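These protein sequence lines are chains S and W, in that order. Just so we're aligned, residue 1427 is where the first sequence starts under the numbering used here, counting upward by one. Just so we're aligned, residue -8 is where the second sequence starts under the numbering used here, counting upward by one.
Treat the hints with care, since some could be wrong.
[As the list claims (entries may be wrong)] Just so you have them, the derived chain S footprint on chain W, three or more residues with Cβ under 8 Å:
1. 77 to 87
2. 153 to 166
3. 204 to 213
[Unchecked claim] Some chain S residues well away from chain W (every beta-carbon gap over 12 Å; in silico):
4. Trp1433
5. Leu1468
6. Gly1632
7. Tyr1694
Simulated from the structure, these hints should not be mistaken for lab results. Remember, it's a predicted structure, so these values are computed and weren't measured experimentally. All residues carry an ideal CB built from backbone N, CA and C; glycine is no exception.
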Amino acid sequence: MNWHQIWEVASAPDNVPIVALLFLVPFYCWYAFRQALANDRLIEKLEADPAAAKTAHRKTQPWNPKWEREVHTWPYLMRIELLAAILVTVLLMVWSITLNAPLEEPSNPNVTMNPAKAPWYFLGLQEMLVYFDPWIAGVVMPTLIIVGLMVIPYIDANPLGNGYYTYKQRKFAIWTFCAGFIGLWVAMIVIGTFIRGPGWMWFWPGQTWDASRVDFMVNRNLDQVMPFSVNGSLVKYLPGVTPAYAPILARTIFGIFPVGLFFIVASYGMYRLMTLTPFARKIFQRMSLLQIVTADLFLVLMVSLPIKIILRLVFVIKYVWVTPWFSI
Amino acid sequence: MRGGRGCADLLRSEVSMGDGMPEENGEGKKSGLVARVREDVKALKETVKVKGKKEIEGLKDPEKTQLYRSIFRFKHTEEPRNRALSVLSNVFFHLHPAKINRDATKYNYTWGMGGITFYLFIVLTFTGVLLMFYYHPTKVQAFRDILYLENDVPFGKLLRNMHRWAAHLMIIAVWLHMFRVFLTGSYKKPREFNWCVGVLLMVLTMLLSFTGYLLPDDQLGFWAVTVGTNMARATPLLGHEGPFGAQLGMTAYNDVRFALLGGSIVDANALLRAYIWHCIAIPLIAAVFMGVHFWRVRKDGGISGPAPVMLESEIKEEKGPRPVIMKPSGTQ
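Chain W extracted, bound-state conformation:
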């Protein structure tokens, strides 16, 4: 340790020994490292100034950054091409065509009930998943969970209410959708099959509502499901109290009602089965059918109207009745 000078001096002298600069003595050695550092700092400052300026300029145009372009593939401006792309290149929107007949946007034609039904399905899925965090499908816990949810969980009451009322609204919307489709004749050729898929979706909606009804395990749900499943025991041939059921060996312990309830009474098994039907099985089936239903809407030509009116005199004569069943060779 040299007196008075310290480590910096040590460093300087050691560095100056290795750098080969001829004027190296105490002062020269000092300027070696410091000068290097100073030069580097100066160069870096320049770089930062130049680059920084360029980049800040660049930030004024965020749409040209790599980050932005990796997410958004085209300019979101009002040109027709970009308007079409905003629908066609979006996984959620591309259910829609890029353009539709201007009259098809009229509310007094479609009533929007199909879309409202689908929106309510999404609301129900969202609120339903949130509800699942607070619910155990067991006889011991189910009812208490609802009480806990309503009274202790922040916004729990609102959540449960939203789920219940969205369910009722969805049933009403489904019925109004069916009514509208009927009144506009939108089940006629070429949309017959989609109408049938729609009927199935309506049945699934009502079954979803029915299975959900039991889950709070209160008197209302319990007895409603009892009434409903008691009707199942009267199924002809498959129910133990239905016509010819007893003759086929149906008892309360092996008929179709037993299959539904997982038992001969509405008890813990029935609750669990209702929970699984309600949360997993039926939503999955409904999602598949909804995919088919929306696909067919597009493939059948989109929203059916409002179409130009047809006159009675323009009905084309059929060349004989169209047979439902054809000969195996495909000919009539």
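Looking at chain S on its own, in the form it has when it is part of the complex:
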């Protein structure tokens, strides 16, 4: 167990934000869910007693009917903001005095760093390069993430939880967002920071980063692990197909099936997830066809990443569809 290696990685100045993330994300998750559970208890109380629901104060915040509903922003809000600004400034100054911004050797196109890592907020995308080709990991996926985030308000047909924390009223939304944000985005950043070492090889925490370690990995494609062989023996009879071209065509055609199958199975799976509980079914009824299709599509694309991760890391399969123009 090489503790020094762990310290080296964790204390590298540019990695400190991720160490901070490791504390901040769980803290704010807990902070939010504490509120959510308090609200859920209130909701349960009100649902059990319809008479109280009509008259009770519907917030968990302290309330006194004699208090005014509104307070002046000056001073009550402005002083909190001033305090926040002061605290952030103090934190920033202490951080800047104790930790120096990194500055490595002058740039040299002839000497590549190993590992050559993207800035930490893009490490998630760089980690995706292990599982997808650059055009997907670097262009298509980021675009889908941005568009997918923008689409959220328009596919969310659940009117509850608008302006307050709740868990039980928005389980599906919270699970999918946390799966995407924490389970995929933040986790991939943590992997890219602490786990990936020289050569982008996998080093568990405590293992020494050894640039000359040799990982024996066989890159196989899905068509190579099938019980039958995809070598063009069927397509070579088509007109215009040369013996050299036959296996390429065969692989191109073969790949349509696993990808198609994935889309069909995953779409149905997401539909089952979206209609898991009676409440979910009620919300589903309110969704238009466009909303359903969009939600399903983005969920399927999102789940394609963990599936590819499992295929690569567990089954050592690199591509599921190989064509002369692109590979997935």
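Given the structure of chain S, go ahead and fit chain W onto it with the hints provided.
Positioned in the frame of chain S, the structure of chain W alone reads:
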């Protein structure tokens, strides 16, 4: 020159010739000017005493002076009207409403992350401008400027550190802000559009950080940007190594990566372009979007909560699905 008496006597005699006082001889002439001066001095002393007293009295109440009133348009006391005015009549504060729901000041609802992000943006702009005085975006000078800044400029190291760590903090704050807005459902009606503007702001924040990463022109920045822009050459259709890119005539010298770098390698042009994106173009775009974002927060009803909880039984039935696309006449 009269002997022994000098110019004063001359003056006296000349003055006395012109002032028409009957008893003018040597002594009378003397008293003419001196008396005048003495009277004037006496009168002025009186004036000074009276005016001075009044003005010093006045200074005890500076809020009534013209200078003060030209700057401050109302009394800054604790009456409700003045409290409201101190927010509404201030160009910086009038982002806020005069009053807000008392629960909206609670930290455990908002986490303050939106405000912290904006504050960090201001810190970054301020430290960034100061850094610009010491930086030339050329291959020859960039790295040396950073060394000079860190080692020879007083507080240069602190300045650079503050800029870098504020940038990282801002990204974390943006993510936490997005997380909070999601968990409180504050993207739902009527705030859908503002959520989209927020997503764009997040992308702009990350792009700002990315373009700034290259500017020290060290191995870290150079190779990070190389990795990033190499992904651009894999863009479908527009990148020379992307699917169908070659078919559309894309080469390393005319694809989207070339457009980003101003060349086919990460070199002097890339550095200059990153500098301009980082210091001018993206901050301007971000400022415009921030204006929209803050405006929409107010127009959409201010901070979304904490709102009274809604029960499942209170969900109103929708009259059929709301179509995204309507017929040209505006009807369904």
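Exercise. Holds or violated: is the Cβ of tryptophan 1433 (chain S) farther than 12 Å from all Cβ atoms of chain W?
Worked result: Correct as stated: the minimum Cβ-Cβ distance to chain W is 20 Å, above 12 Å.
Problem set entry | Cβ contact check, 8 Å cutoff: the segment 153 to 166 of chain W against chain S, three residues minimum | Our answer is that it holds, as 10 residues pass the Cβ test (under 8 Å) against chain S, meeting three.
Exercise. Are there three or more residues in the segment 77 to 87 of chain W whose C-beta lies closer than 8 Å to some C-beta of chain S?
Worked result: It holds: at least three residues are needed, and the segment 77 to 87 of chain W offers 4 whose Cβ sits within less than 8 Å of chain S.
Problem set entry | No chain W beta carbon within 12 Å of glycine 1632 (chain S)'s | Glycine 1632 (chain S) clear of chain W: closest Cβ-Cβ about 25 Å, beyond 12 Å.
Exercise. Within the segment 204 to 213 of chain W, is the number of residues with a Cβ closer than 8 Å to a Cβ of chain S three or more?
Worked result: holds (count 8)
Exercise. Checking the smallest CB distance to chain W, is leucine 1468 (chain S) really beyond 12 Å?
Worked result: At about 6 Å from chain W, leucine 1468 (chain S) fails to clear the 12 Å cut-off, so the statement is violated.
Problem set entry | Whether tyrosine 1694 (chain S) stays farther than 12 Å from all C-beta atoms of chain W, as the label says | Tyrosine 1694 (chain S) clear of chain W: closest Cβ-Cβ about 22 Å, beyond 12 Å.
Of the hints listed earlier, the one the structure fails to meet is number 5.
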